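Colleague: Between the sequences and the hints, there should be enough to build the whole structure, so can you do that?
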Amino acid sequence: MSNLLDLLLAGLATGAIYAIVAVGFTLLWQTSQTINFAQGEFVMLPAFLVLAAMHAGAPFWFAILIGMLLSLLLLGLGFKMLLVDPMLRHGVLPLAIATMALAIGIKEAVKQFFSAEASPFPSVVPAGDIQVFGHAVSLQSLGVLALAILAVVGLTAFLNRTSIGHQMQAAAQNPTVARIIGVPVERMILLTFLINAFLVVLASLLITPIYLAKFSSGEVLGQAAFIAAIVGGFNQVRGAIVGGLLIGIVDNLAAAYVSTQYRAAVPLILLIVIVLFRPQGILGRAEERTI
Amino acid sequence: MTAVLEVTGISKRFGGISAVDGVSFDVHEGEILGLIGPNGCGKSTLFNCILGQLTPSDGEVKVDGKVVTGFRPSDLNRLGVSRTFQLLQVFPKLSVRENLILAGQEHQGSMMSRLFGPSDAGLTEAADRMIGFFKLDHLADEAAGGLSYGQQKLLDAAMAFMGGPRLVLLDEPAGGVNLTMLADLRERLAAINREKRATFVVIEHNMEFVMSLCSRVMVMAEGRVLAMGKPEEVRANPAVIEAYLGH
Amino acid sequence: MTGMAKYWRIALGAIVIAGLIAVPLNFNRYGLFILSQWAVMTIAAMGLNLTLGYAGQVSLAQGAFVGIGAYAAAIMTSQGMPLISALGVAVVVCFAVGWILGYPALRVQHHYLAFVTLAFSTLAFLVFRNEDWLTKGIYGISNIPRPNIFGFATNRPLPFYYFCLGSLGIVSAMLWWLIRSPWGRAFQALRENPIRALSLGIDTRRYTLMAFAIGSALGGVAGTLYAPLTQYVDPVPFNLSLSLDLLMMVIVGGAGFFFGPFLGAAIAVLLPEWLRFTQGYYLMLYAIAVILLLIYSPTGILGVLDRYLAERRTKTASALRAVAESRL
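As you go down the protein sequences, you meet chains A, B and C in turn. For the first sequence, position 237 (counting from the first letter as 1) is numbered 237 according to the working numbering, and the numbering increases by one without interruption. Convert by adding 1000 to the 1-based position in the second sequence; the result is the number in the working numbering. Convert by adding 2000 to the 1-based position in the third sequence; the result is the number in the working numbering.
It should be emphasised that the hints constitute simulated quantities derived from the structure, not laboratory data. Among these hints, one or two may not hold up.
[To be verified] Each computed PhoX-like pair below joins lysine-lysine, with the alpha-carbon atoms no more than 25 Å apart:
no., chain 1, residue 1, chain 2, residue 2
1, C, K2315, B, K1093
2, B, K1066, B, K1093
3, B, K1066, B, K1196
4, B, K1230, B, K1196
5, A, K111, A, K214
6, C, K2315, B, K1135
7, B, K1196, B, K1135
8, C, K2315, C, K2006
9, B, K1093, C, K2136
Treat the numbers as computed from the prediction; the structure is a model and nothing was measured.
Modeller: Here it is as structure tokens:
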């Protein structure tokens, strides 16, 4: 029983991280029809930027700040202006392929300029266990979960309660009408990219201590976020959250109860099942049949 | 004698809004029914419900007595129903002739015979005849995307007629077409109607076009049928005038 | 097309074919290996081009189908069966799997095939890796024999290259015939205007499914050639990366153009080789090159060419029209 609780908690914690990444992914799709195949690499990169700053002598918390600023600049502003803007008018698919190429580029750059080996990364939450009702619970899992919940709650509050949040939603749902009523759509789209950059930095800080910093860690994470976004319902932020949590739990449970060889198959089977029987995702809205 | 098209109680709701509300009408063989009404009254939505692009929330559609509600457009096409579109829908990269061959190819044989049987099976001749009928001869090999708007509209109509349909629904065939071509178009439509006993339902805003071509006219407003009758009657109907002016 | 343009095209084609046959006579073993790899990848890319470029569906499982073909060939030829029987098995299995995968996904929504093929790709990799009673798992199947074609052994690089080239030629001819047939017209209609296609009676669902199944079968064909080419098959190459690479080949070459896959495969296979002198940086440069190309021409290389030719054609056409109208 306690084992199950541990698994669930760890699953929720990883799931919360997947959720953050999936939310950013969904936001990019909603506002600018961008399918970012490099999202996993976006999560992998900030940790390396922080490590680089630390190698240059900066203390941990300052390095985090530097990493955050660089990420906002590169993965937010730079990504939008250099890759997305020139390509978006040509359609969804060429841009998606370009992000695939970008993923390769980032991965290889990290491998070349940092190292091909895994590096440890300091955790922003304390390690160790605390006692809850006579049962040892991992502080790290709790800490990750708490921070992730905070981020998600903060983001939801921002989207639903602030004027800027409303404008962002309007720009995402119907840019033409939004423009007419005076919403600065271009600026809102830029804001979405910056928010995504912020989210991936957060995810990076939370997940890298657990799985170490390696140039190849983007692949698995990216795929998990992708599946989470689809399972939750590709057009809903709430769905991305639910999807992420679900994938995290399912993945952790599978690791324990399914043969290690086929553990990775479980989220995929979930994906196929959802696509076939509830294609709009768990929380998504059904789209009118066009064919 | 059963009507070619029987529409009974069709409604289509989007959320809380009724785009089409309880529309019923019949169309008999050889008739040309005009469908008019102010913008947003539900004409195109009604077409889409009849033709399978949308599934109606309520109601029934019958073609030649057979229930076809909710059938996919490709199934309806094989029953002899075809349509043109308000926003041009030709295949821009294919030539005019190829567009027409494509329009006609699914009406004979099966998928397998299309692959292994004689490839054009007289379709090229049929296409050329259609090209001649619509006087597009000099453009037969041009890419459809390079034609002028009016010419593309003619092609659009021609494509709907390949395959000899029983019932054709035309969505604003005169929209954006210049006056000389308009006369041509009207004349060609009337000719097909005469020679092939094809039945038409035509959505149009161009009053003169509708009044001169159609044998009966149906007026819609706010998703419902407002009036139905001969063109002159409808034109004089005060409720109809009100509906147009009131907007 | 004017008579002159047609002659130019045929002449160009003849020169290229002659070059492909004659020039490699002087190549070393490695050069011939790379060229054979190009031929095999082109076949797989042509299959994906049919699915994506003509029927407009994104498939992320083409790499898995290549894997199925490769394992079929590896397992069967290692047991002494002729390659052609493996070819038959690969084609039937990949076609069937394609049909099964596609049928429910297409009933549902347009772009969900992408997701289902994504999952299938990874699942296939897991099966290749884990079911070692069949596939020898991570150890792989080695010493795969090269086929005997009408009595000619293809063990040496040059004869095997000609075998690959010949296979490419046969597949190309068959695909050309398919595209020119009523099915090919229907595929083009699917891509250009599925709504209109549907209202013209074209069963878009069935044609899309057919394109996907045939495209997948071609992936299997490529795999059947891949096994004797490398003479060693393990799960590693047949993961999602291969599917993404093939997708990139199709788009970079020009999706929907018949010769797009030829160009795309050439770039994907040859460019990293040319860049090898940059050592660690070559993949980065490759990535940057692909991004720049896509920004400049999202319709790929042949897209640029097509646009240029189309502009010249419309200029000529409108000039002719202007002259004609001025005479009225």
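Colleague: Tell me, in ascending order, the numbers of any earlier hints that this structure violates.
Modeller: Structure breaks hints 2, 9.
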